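Quick note, the sequences are listed as chains A and B, same order.
Counting in numbering that gives the first Met the number 0, the first sequence runs from 0 upward without gaps.
Counting in numbering that gives the first Met the number 0, the second sequence runs from 0 upward without gaps.
No lab work stands behind these hints, which were simulated from the structure alone.
It cannot be assumed that every hint is accurate.
Since the list gives no way to pick out one identical chain from another, each pair is judged satisfied if it fits inside one copy or across any two copies.
[Claimed, not checked] Here are the simulated BS3-like cross-link-like pairs (lysine-lysine), alpha carbons at most 30 Å apart as the crow flies:
1. K216 with K277
2. K277 with K261
3. K261 with K432
4. K64 with K19
5. K432 with K18
6. K18 with K213
7. K261 with K64
8. K432 with K236
9. K434 with K44
10. K432 with K238
11. K19 with K260
12. K261 with K203
13. K88 with K432
14. K260 with K44
Only a predicted model underlies this, so the values are computations on that prediction, with no experimental measurement involved.
There are 2 protein chains.
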Amino acid sequence: MLKSLDHLRLTPESLNNPKKVAIIDVGSNSFRLIVITYQPHHYFKVTDEVRENVRLVHGLGATGKLSAPAMDHAVEVMQLYRSFCDSQKITDIVAAATSAVRDAANQAEFLRRVEDESGITVRVLSEAEEAYYGYVAAENSTILENGFVIDLGGGSLEVTRVENRRSVRAVSFPLGAVRMTEDWLPNAPPGKEALNTLRNHVRKHLDTISAWFKHEKGFRLVGQGGSLRNAGRLVQKMKGYPLDELHGYIVQRDDFQRMVKKMESLTISERRGIPGMKADRADIALGGALVVDECLRFSDSPQMIVCSQGVREGLFYERFLEGESPSLFENVRQASVMNMAHLYAFQAEHGDHVAALALSLFDQVARLTEDPLMTAAERELLWAACMLHDIGMNIDYNDHHRHSYYLILNSGLPGYSHRELALIALATLYHRKGKPSTGELSGVLETDDDRRLLKITACLRLAEQLDRSRDGAVREVKLRMRNDAAHLDIYANHDVAVSVWAAEQHADVFEAAFGSHLEIRRGG
Amino acid sequence: MLKSLDHLRLTPESLNNPKKVAIIDVGSNSFRLIVITYQPHHYFKVTDEVRENVRLVHGLGATGKLSAPAMDHAVEVMQLYRSFCDSQKITDIVAAATSAVRDAANQAEFLRRVEDESGITVRVLSEAEEAYYGYVAAENSTILENGFVIDLGGGSLEVTRVENRRSVRAVSFPLGAVRMTEDWLPNAPPGKEALNTLRNHVRKHLDTISAWFKHEKGFRLVGQGGSLRNAGRLVQKMKGYPLDELHGYIVQRDDFQRMVKKMESLTISERRGIPGMKADRADIALGGALVVDECLRFSDSPQMIVCSQGVREGLFYERFLEGESPSLFENVRQASVMNMAHLYAFQAEHGDHVAALALSLFDQVARLTEDPLMTAAERELLWAACMLHDIGMNIDYNDHHRHSYYLILNSGLPGYSHRELALIALATLYHRKGKPSTGELSGVLETDDDRRLLKITACLRLAEQLDRSRDGAVREVKLRMRNDAAHLDIYANHDVAVSVWAAEQHADVFEAAFGSHLEIRRGG
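Only chain A is shown next, with the shape it has when bound in the complex:
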């Protein structure tokens, strides 16, 4: 399952000469500039971000044109972004416009003005392209094998059907959050009739894709876009969710509908008081949430995974993964772990060595005990914890286990669920000492996850101690278990006194995890 990761390895040169790209999402509601520092195929990191609420689509529904004030504001923001890039010496600028510009009768004037006044050439994405880049971002940051991606912007809604990680159908509807609000919800709170009219309008569009926009067994639905993210945040707050991470958050349809119901009766200023509401989104929040709600109902999806990435990340992946088509990671989880490891001064040899020893221990225990909590799923979490256990040393040697935990929880690992993220972070937290406990994260865990954590931690901790000197001296470990006694023979090329001494001090965690007293000795 875990094949060679050499293609993800870094050389010192590549670390020291990163590239920089500024990507500007010329959206229908907001313009967002992100700066990404990267090394193609190796690692990337968002290193700056600026956002301005432009609301370019305002009035478009009525006139078919971008309004003069909106266009002026847009040009001014593009000039600012250009100055920003110039002063940071960023020459690689990608700007892409979506629904509002695509649909505007005065598109040409807009593009010319931006070009003339800011020097930035804006590429107008077709409906298919907009859906494609959203899909690419969703595929590269979640584990969507089969299902749907919905991307709700200010101007449009894209729906993509995914089979075996490939986009097989995609469509774009003019159902963006700003449009819906301006066209159907002039008042807040809106009347019952307005709500029904809007819902019927959305359904009429969705009816055209009823042949393929239906939940099936094993399908996932991934949601993107500013309004959708904000709606996800509201549900998270409403539920008192224990993690601060939004990306990967799973919204249950029932909860989503409760939140929409609540919002329906509020004025805009009351909406601003809802925990998690972004002030400059309050006015379009209900319009957007209703569209999402209709998508969930229509497709009969029981839940939705919130995705923080979107078109701009899709554009980025196209250049990051140059040569791949579509621009997808082969294995999102491996790519996530290796990206994080590289960003935090990963000690590759020690990480690899601990992983090899820990997985060998895991496999041997699993075989000897036939433990139902030691499957390929737990093994993969153990691998990730091994690769990341020491990244906290980037902060401080003291308490580096706590820092690893903090880094993993706060940076997130796209492709892993929050539950898996929590288990990986907890295993690193206990990789040196302490009795594993799920603590503040138990709210995102499942039954028996405390026992899973203990078993994963036991393998990690013993492996870490066996490589306490970080020199890879221990070549192999062989485990024998009989009744309640376990014997671990250590095979090494040279002196392993430190390994044996260090591992012996942690035999208790093995006993707690597997019920066997552990004896360690130099073998062979």
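With chain A held as given, fit chain B onto it using these hints.
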């Protein structure tokens, strides 16, 4: 006050070719190995640590010699440490022994066995040297101008008097925590008489330095050593202290005495249950705490600053600051801030530029408003916050303000009090957005610190926005204030549209801090 820091600057070469030293503290109670990665005069970082409870001094009081089992254990641990260094390819090993080895009749045998069997040459520190290295560590990690350093080991107690940062008197007594326990407290809980005898014994020694071991106005008392740190941790837990940081914690004498009183009536296993107690110190904890208590009483010191550094750091500073005698930082606070900045990929130009703009704003507001909360003390905190505000980007751009806060609180800034540390961390937390609030840290702050924080944050945030493009374009700012209106003129070499736009969005924090509406414009 803040002179050039060029001597603390790093070149890329120095960052990429650090040195490594292993320092082994061959203590009377425990042996501790720390690995420090460093660049002389520039930066350093503890990168590994191993500790083993050897209790070398055990039985020394009765026989005058190191016991055979203790010596065997000691030699075995030194062999392990040597293997550890070999496998990490550390060739620079400094090992220093203190009281137990110094006083042992069979010292020569011990040194020869360690040398023969581990290849490590142990230097035996004289009483004066042991006191000196403790003093150096205390001076380089606190702001001790005048007062005392007490260093309580397993075998001995060192007391040093400091005047104008120089050691002017130093003495060593055989009053270590293990010795006191073995000689005077055979039972736990001990009888009243045993307690009195021990206290009298300590006092008899302290009587010999009554001429100079007396608290004076402006004096501080800094305490070091494993037993003392553990005692400090117990008080911290007893008080429900809001920070996890021990170094720099100020213990009030009354609190210390309450903790000692409580411990006097407990068995050793009951002591193990006290929050904060290290299991392998529980037996000697009371003996050690009684010695510290007597020092506080005898010198009439109202409080004690806990110092996590000691002899081993003192030995390190000698080589880090080669050429200096004594081996002291000229300015501990500056050195702390610059060390942290370098460890976390400090962007020197942006940091310096933000500091220059923020301090200029601070000085102008202070002059115009004669605000009593804007003195040199607050100015120094502002400087530190400017230098460190972006270190969280080392973790992630998203939420980097929160990461800076986490890094500063968790790494600590030797030389700053916990209150100052909290204010610096809070200013970085609010350097981008949010309404400054002291939150969970209010327990370590003083009256009006919420207002101080607001003023410091206002200067930092405006300066940060003025250099939003990180290109140093804004050369100078000139502030005028009249009634409740303030005007900020910006002088720059070229286009500063981004600066003006960014700063305008944060004018509200200026208004909240200084009560004046702020207008920003390009000047001159």
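Against the structure, the hints come out as follows:
{"no.": "1", "hint": "K216 with K277", "in the structure": "neither (35 Å within a copy, 54 Å between copies)"}
{"no.": "2", "hint": "K277 with K261", "in the structure": "within (16 Å within a copy, 52 Å between copies)"}
{"no.": "3", "hint": "K261 with K432", "in the structure": "between (46 Å within a copy, 29 Å between copies)"}
{"no.": "4", "hint": "K64 with K19", "in the structure": "neither (34 Å within a copy, 66 Å between copies)"}
{"no.": "5", "hint": "K432 with K18", "in the structure": "between (40 Å within a copy, 29 Å between copies)"}
{"no.": "6", "hint": "K18 with K213", "in the structure": "neither (42 Å within a copy, 62 Å between copies)"}
{"no.": "7", "hint": "K261 with K64", "in the structure": "neither (34 Å within a copy, 79 Å between copies)"}
{"no.": "8", "hint": "K432 with K236", "in the structure": "between (33 Å within a copy, 20 Å between copies)"}
{"no.": "9", "hint": "K434 with K44", "in the structure": "between (34 Å within a copy, 28 Å between copies)"}
{"no.": "10", "hint": "K432 with K238", "in the structure": "between (33 Å within a copy, 25 Å between copies)"}
{"no.": "11", "hint": "K19 with K260", "in the structure": "neither (44 Å within a copy, 62 Å between copies)"}
{"no.": "12", "hint": "K261 with K203", "in the structure": "within (25 Å within a copy, 75 Å between copies)"}
{"no.": "13", "hint": "K88 with K432", "in the structure": "between (46 Å within a copy, 26 Å between copies)"}
{"no.": "14", "hint": "K260 with K44", "in the structure": "neither (38 Å within a copy, 54 Å between copies)"}
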